[in-house]
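Visitor: Chains as they are written, first to last, in our numbering: chain U, 1 to 505; chain H, 1001 to 1335.
Hints in this document: simulated from the structure, not taken from any laboratory.
Just so we're clear, the structure is a prediction, and the values are computed from it rather than from any experiment.
Built from N, CA and C at the ideal position, the CB exists for glycine as well.
Just to be clear, a hint being listed does not mean it is correct.
[As the list claims (entries may be wrong)] Keeping only pairs whose Cα atoms sit at most 27 Å apart, straight-line, the calculated BS3-like set for lysine-lysine is: (1) Lys53(U) / Lys1205(H); (2) Lys385(U) / Lys366(U); (3) Lys183(U) / Lys250(U); (4) Lys280(U) / Lys366(U); (5) Lys34(U) / Lys183(U); (6) Lys118(U) / Lys1197(H); (7) Lys1206(H) / Lys53(U); (8) Lys1111(H) / Lys119(U); (9) Lys250(U) / Lys271(U); (10) Lys374(U) / Lys354(U); (11) Lys1205(H) / Lys119(U); (12) Lys419(U) / Lys280(U); (13) Lys1197(H) / Lys1284(H); (14) Lys26(U) / Lys53(U); (15) Lys1164(H) / Lys113(U); (16) Lys53(U) / Lys271(U); (17) Lys1146(H) / Lys113(U); (18) Lys33(U) / Lys183(U); (19) Lys253(U) / Lys271(U); (20) Lys419(U) / Lys354(U); (21) Lys373(U) / Lys385(U); (22) Lys165(U) / Lys132(U); (23) Lys271(U) / Lys328(U); (24) Lys119(U) / Lys1197(H); (25) Lys53(U) / Lys1197(H); (26) Lys132(U) / Lys120(U); (27) Lys412(U) / Lys373(U); (28) Lys1197(H) / Lys229(U); (29) Lys1111(H) / Lys120(U); (30) Lys165(U) / Lys1111(H); (31) Lys1111(H) / Lys118(U); (32) Lys132(U) / Lys33(U); (33) Lys275(U) / Lys250(U).
[Stated by the list, open to error] Heads up, incomplete: computed chain H residues facing chain U, CB under 7 Å, no partners named: (34) Arg1182; (35) Ala1191; (36) Ser1202; (37) Gly1203; (38) Lys1206; (39) Thr1236; (40) Ile1258.
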Amino acid sequence: MTNINAEYVLQVRGIDKQFGGVPVLKNVSLDIKKGEVHALMGENGAGKSTLIKIVTGVYTKDAGTIYVEGEPRDIRSRTDAADAGISVIYQELSLIQTLTVAQNIFLGQERTKFRLTKKKEMQRSVAELIGKYTFDIDPNAEVASLGMAQRQTVEILKALRQDAKLIIMDEPTSALSAAESEKLFETIDELRAGGASILYISHRLEEVYRIADRLTVMRDGENVRVLNKDEISAPVVTKLMIGHEVKNEKMRKEANRRSDTVLEVRDLYFKDILKGVSFKAYGGEILGIGGLVGAGRTELIRCIYGAAKPASGAVLLNGSPVSRSIAKNMRAGFGLVPEDRRQEGFVPLLPVMKNLALSSYDFLAKFGFVNTKKERTFADDAIGKYDIRPPRRDLQTINLSGGNQQKVVLGKWLARSLKVLLLDEPTAGVDIGVKRELYHYLAELADAGAIVIMVSSDLPELTTVSDRILVLHDGRFFEEFTGEVSQTDILLASSGEHTEEGRAL
Amino acid sequence: MSSTNIRRCISIGLVIALGLTYTLTTDSFLTTFNILQLLKDSAYTGLISLGMALVIIGGGIDLSAGGIVCLCGVACARASFIPGVPGIAVILITILAGAACGLFNGLVVTKLHLSEFVTTLASGFVFSGLALITTFKTDGRPVPMKLTNLDFISFGYNYSGLYKITIVWIALAVLMQVVLTRTRFGLYTCALGANEKSALMSGVKKDRIKIAGFMACGAFCGLAAAMVVAFQTATTQTLGNMMEFQAISACVVGGIVITGGKGDALAACLGAFFMTMVTSGLLKYGLSTGVHYLMYGAVIVIMINFDAQFSRLTDGGRVRKTKKNEPPRLSEVQP
Chain U
1 MTNINAEYVL
11 QVRGIDKQFG
21 GVPVLKNVSL
31 DIKKGEVHAL
41 MGENGAGKST
51 LIKIVTGVYT
61 KDAGTIYVEG
71 EPRDIRSRTD
81 AADAGISVIY
91 QELSLIQTLT
101 VAQNIFLGQE
111 RTKFRLTKKK
121 EMQRSVAELI
131 GKYTFDIDPN
141 AEVASLGMAQ
151 RQTVEILKAL
161 RQDAKLIIMD
171 EPTSALSAAE
181 SEKLFETIDE
191 LRAGGASILY
201 ISHRLEEVYR
211 IADRLTVMRD
221 GENVRVLNKD
231 EISAPVVTKL
241 MIGHEVKNEK
251 MRKEANRRSD
261 TVLEVRDLYF
271 KDILKGVSFK
281 AYGGEILGIG
291 GLVGAGRTEL
301 IRCIYGAAKP
311 ASGAVLLNGS
321 PVSRSIAKNM
331 RAGFGLVPED
341 RRQEGFVPLL
351 PVMKNLALSS
361 YDFLAKFGFV
371 NTKKERTFAD
381 DAIGKYDIRP
391 PRRDLQTINL
401 SGGNQQKVVL
411 GKWLARSLKV
421 LLLDEPTAGV
431 DIGVKRELYH
441 YLAELADAGA
451 IVIMVSSDLP
461 ELTTVSDRIL
471 VLHDGRFFEE
481 FTGEVSQTDI
491 LLASSGEHTE
501 EGRAL
Chain H
1001 MSSTNIRRCI
1011 SIGLVIALGL
1021 TYTLTTDSFL
1031 TTFNILQLLK
1041 DSAYTGLISL
1051 GMALVIIGGG
1061 IDLSAGGIVC
1071 LCGVACARAS
1081 FIPGVPGIAV
1091 ILITILAGAA
1101 CGLFNGLVVT
1111 KLHLSEFVTT
1121 LASGFVFSGL
1131 ALITTFKTDG
1141 RPVPMKLTNL
1151 DFISFGYNYS
1161 GLYKITIVWI
1171 ALAVLMQVVL
1181 TRTRFGLYTC
1191 ALGANEKSAL
1201 MSGVKKDRIK
1211 IAGFMACGAF
1221 CGLAAAMVVA
1231 FQTATTQTLG
1241 NMMEFQAISA
1251 CVVGGIVITG
1261 GKGDALAACL
1271 GAFFMTMVTS
1281 GLLKYGLSTG
1291 VHYLMYGAVI
1301 VIMINFDAQF
1311 SRLTDGGRVR
1321 KTKKNEPPRL
1331 SEVQP
């Protein structure tokens, strides 16, 4: 380990952090040189975000020391971090769209004379800053007229004007198109050339190849290794991220694929996210869809369900085109368990009973009047069958635990005779016990002959629950895995690296 | 040309188009007398719109503006009856009364964390109610009282047709334009209206700005009330009736984004002038108030819809341009 040294803009030693007794960070260290782009990678839950939040004063550390340019710094708040020269570019940008670039950069710290803002002077100073890094941005442009990558540049400029020594970017490309990402990388190159240091957090290996000088890999709250640019390769990095691994056994020994229910997707295009996606799914199987966040998995599911309108392509159920109307698709036997449970999965303030019945009023109501007796029996059946706790149909759904909320969302669909169930990150925020139950219901549904399509970022879940896995990369299906598969292979395929186990598509 | 400028040109274009229509179809539109009258009438709506603009740009709304005008009318009349008080003092008292109403709104909104919509809806009733209670009465019935304070009434006079209210309106519009575009207060108001969270993160003091906005709006209502009372030499129970909607409409038509974050004083003035032109023009054609209301409604819907479409077209970050390699047409891949 390197010594504490003023050549390093940030050095972190022995950081521990627990949440409710569970260790999240264990003796973590990190070294970022002046003028380098340092990448930080790790699976979900490896502790990257927690580390960043400690460095920026959002969380307080349990133990350890933070050194800025060789001096120990006590960082307890965002202001402390800003004083130390550490800035974060947030994923959801914090610019005021109706103000100009210069106004945003100086917001809260305007220069004034006789109470009037010195517009010209601030514009000039922003123009100078832009010139120093040769960015391509007009200080007078309204932020609303800029593209996402340019808006990020404005955020970066805002940080630079406040003399940031280290700029932290957390998944900055998640909202960018490929062309915009390339622009961001150019910005990063300019920053490095100008002597700024960057800590770059990303899931995407290809980005790390492109821009990073060094890479720290984290796993389970510890830093595993620091790699130099020439040591970075997909197999090395994925192995470090996942660690020792036994191939997970499949939850279901075999799937009885049926040919009487077939969902076919042909050449689906959606914005510039899906670029010609084609596949077939069969009744009786649980089809897993893997890929990185932002690879287009959610969009694919939504296009199938009718919640998003693809630019072109066809979705066919048993040979006949699927409607673009959600209501019609529901009647045809489609169900969706969406990613954002609170916004789209259930109505938070309605009681459990109403949420369970919400998509079944076609048979729970007659002539527009709800058969309350039928509704109650329907809800009680579901509560009993799926063991929703507490077993009270009148409780507001928002008051249930995450796992039980998800049971309500799933129960809402399972009560109908489903042909196709689409799930998007079905077990996010669900505890392990309830997870198992949910998997069991999925298996039951598949056994009954339905098609189950599950998008998941949880690799153990994806590899054990799915009978077959398709990995989405760059808007297309990249590889298909049948039989037992290792998490490393899924991760490699997600990053666009071909594997031996997978069948290239 | 930026979208703001395009929108401004459209507002100006609307005013010119309507003016041309009137000029070509009636003889009495393009006369000095008529224009001065128009300016006087727009000044009343216009003053209130300036205050309303500030609140709307800050992301809020003030539905109590009409109530404030009504209450200020009574306050103004009462003040003018105090023996020996100079006219300017009457006006200042009225402005203070308006600002006090605004302060009440601002405090409720910021300290009790109630929505601006509900707060000002309720306080509007309160102010109107107070106005009715405090108005001059004989045998329990409100009576119109002829104002006799000549110094005050002189504020309703004109210089060969150019009314004082018009001068005040234009002067304050210029001041507000500077405040909104060139001061921290104006910048922070825009920031709050556009993205409250980010504004707070940048150290904008939300409560102060909100309260100041409401107080300014109240003060503008008070000033408008005083000028109109001076001109009419009397106040009525219906003074200020529906003025909040007139002002909001003026802001929207002028190009102030109703959800906040964008707009200036010039937009509010153009909107107020346009709305007044609609009314006065329709009067010339001999059309009823009912038709005015229909026109107002239509203009507002058209302009809001236009703004929605317009922002979709110009918001560079959200609209993705057509890709180079176009995907195949829907028909080519259908079975």
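Visitor: Against each hint, give a clear statement of whether it holds in the structure.
Guide: Hint-by-hint comparison with the structure:
1. Distance hint between Lys53(U) and Lys1205(H) is fulfilled; the C-alpha atoms sit about 25 Å from each other, no more than 27 Å.
2. At most 27 Å may separate the alpha-carbon atoms for a hinted pair to count; Lys385(U) and Lys366(U) meet this at roughly 25 Å.
3. Of the pairs offered as hints, the one joining Lys183(U) and Lys250(U) is violated, with about 42 Å between alpha carbons and a cut-off of 27 Å exceeded.
4. Restraint check for Lys280(U) and Lys366(U): the C-alpha separation of about 37 Å exceeds 27 Å, so the hint is violated.
5. Straight-line distance between C-alpha atoms of Lys34(U) and Lys183(U) comes to about 23 Å, which keeps the hinted pair within the 27 Å bound.
6. Proposed proximity of Lys118(U) and Lys1197(H) is supported: the alpha carbons are some 25 Å apart, at most 27 Å.
7. Simply put, Lys1206(H) and Lys53(U) have alpha-carbon atoms about 26 Å apart, close enough for the 27 Å limit, and the pair holds.
8. At most 27 Å may separate the alpha-carbon atoms for a hinted pair to count; Lys1111(H) and Lys119(U) exceed this at roughly 33 Å.
9. The hinted pair formed by Lys250(U) and Lys271(U) fails the criterion: a straight-line CA distance of about 35 Å is larger than 27 Å.
10. Pair hint Lys374(U) plus Lys354(U) holds up; C-alpha atoms about 12 Å apart against a cutoff of 27 Å.
11. For a cut-off of 27 Å, the pair hint linking Lys1205(H) to Lys119(U) stands: about 21 Å separates their Cα positions.
12. The suggested pairing of Lys419(U) with Lys280(U) holds, with an alpha-carbon distance near 14 Å, which does not exceed 27 Å.
13. At roughly 49 Å between alpha-carbon atoms, Lys1197(H) and Lys1284(H) are farther apart than 27 Å, so this suggested pair is violated.
14. Proposed proximity of Lys26(U) and Lys53(U) is supported: the alpha carbons are some 15 Å apart, at most 27 Å.
15. A C-alpha spacing of about 32 Å is found between Lys1164(H) and Lys113(U), which places the hinted pair above 27 Å, so the restraint is violated.
16. Of the supplied pair hints, the one linking Lys53(U) and Lys271(U) is violated, its CA atoms being roughly 34 Å apart against a limit of 27 Å.
17. For a cut-off of 27 Å, the pair hint linking Lys1146(H) to Lys113(U) is broken: about 48 Å separates their Cα positions.
18. At roughly 24 Å between alpha-carbon atoms, Lys33(U) and Lys183(U) fall within 27 Å of each other, so this suggested pair holds.
19. In summary, the hint linking Lys253(U) to Lys271(U) is not supported, as the alpha carbons are separated by about 38 Å, beyond the 27 Å threshold.
20. A distance of roughly 23 Å separates the Cα atoms of Lys419(U) and Lys354(U); the hinted pair therefore holds under the 27 Å criterion.
21. Taking the CA atoms of Lys373(U) and Lys385(U), the gap is about 18 Å. The hint holds against a cut of 27 Å.
22. Between Lys165(U) and Lys132(U) the CA atoms are separated by roughly 15 Å; this keeps the pair inside 27 Å, and the hint holds.
23. Pair hint Lys271(U) plus Lys328(U) holds up; C-alpha atoms about 24 Å apart against a cutoff of 27 Å.
24. A distance of roughly 24 Å separates the Cα atoms of Lys119(U) and Lys1197(H); the hinted pair therefore holds under the 27 Å criterion.
25. This hinted pair checks out: Lys53(U) and Lys1197(H) have alpha carbons roughly 19 Å apart, not beyond 27 Å.
26. A hinted pair counts as satisfied when its Cα atoms are at most 27 Å apart, and Lys132(U) with Lys120(U) qualifies at roughly 18 Å.
27. Taking the CA atoms of Lys412(U) and Lys373(U), the gap is near 17 Å; set against the 27 Å cutoff, the hint holds.
28. Only pairs whose Cα atoms come within 27 Å are accepted, and Lys1197(H) paired with Lys229(U) is rejected, the gap being roughly 38 Å.
29. Simply put, Lys1111(H) and Lys120(U) have alpha-carbon atoms about 37 Å apart, too far for the 27 Å limit, and the pair is violated.
30. Straight-line distance between C-alpha atoms of Lys165(U) and Lys1111(H) comes to about 39 Å, which puts the hinted pair past the 27 Å bound.
31. Restraint check for Lys1111(H) and Lys118(U): the C-alpha separation of about 33 Å exceeds 27 Å, so the hint is violated.
32. At most 27 Å may separate the alpha-carbon atoms for a hinted pair to count; Lys132(U) and Lys33(U) meet this at roughly 21 Å.
33. Using a Cα cut-off of 27 Å, the hinted pair Lys275(U) and Lys250(U) is violated, with the two alpha carbons roughly 31 Å apart.
34. Against a cut-off of 7 Å between C-beta atoms, the interface hint on Arg1182(H) holds, since the closest Cβ of chain U lies about 5 Å away.
35. Proximity of Ala1191(H) to chain U holds as hinted, the smallest CB-CB distance being about 5 Å (cut-off 7 Å).
36. The closest approach between the C-beta of Ser1202(H) and any C-beta of chain U is roughly 4 Å, which is under the 7 Å cut-off, so the hint is satisfied.
37. Interface restraint check for Gly1203(H): the shortest CB-CB distance to chain U comes to about 4 Å, inside 7 Å, so the restraint holds.
38. The interface hint given for Lys1206(H) is violated, since its Cβ lies 12 Å from the closest Cβ of chain U, which is over the 7 Å cut-off.
39. Proximity of Thr1236(H) to chain U is violated relative to the hint, the smallest CB-CB distance being about 39 Å (cut-off 7 Å).
40. The interface hint given for Ile1258(H) is broken, as the beta carbon of that residue sits about 13 Å from the closest beta carbon of chain U, more than 7 Å.
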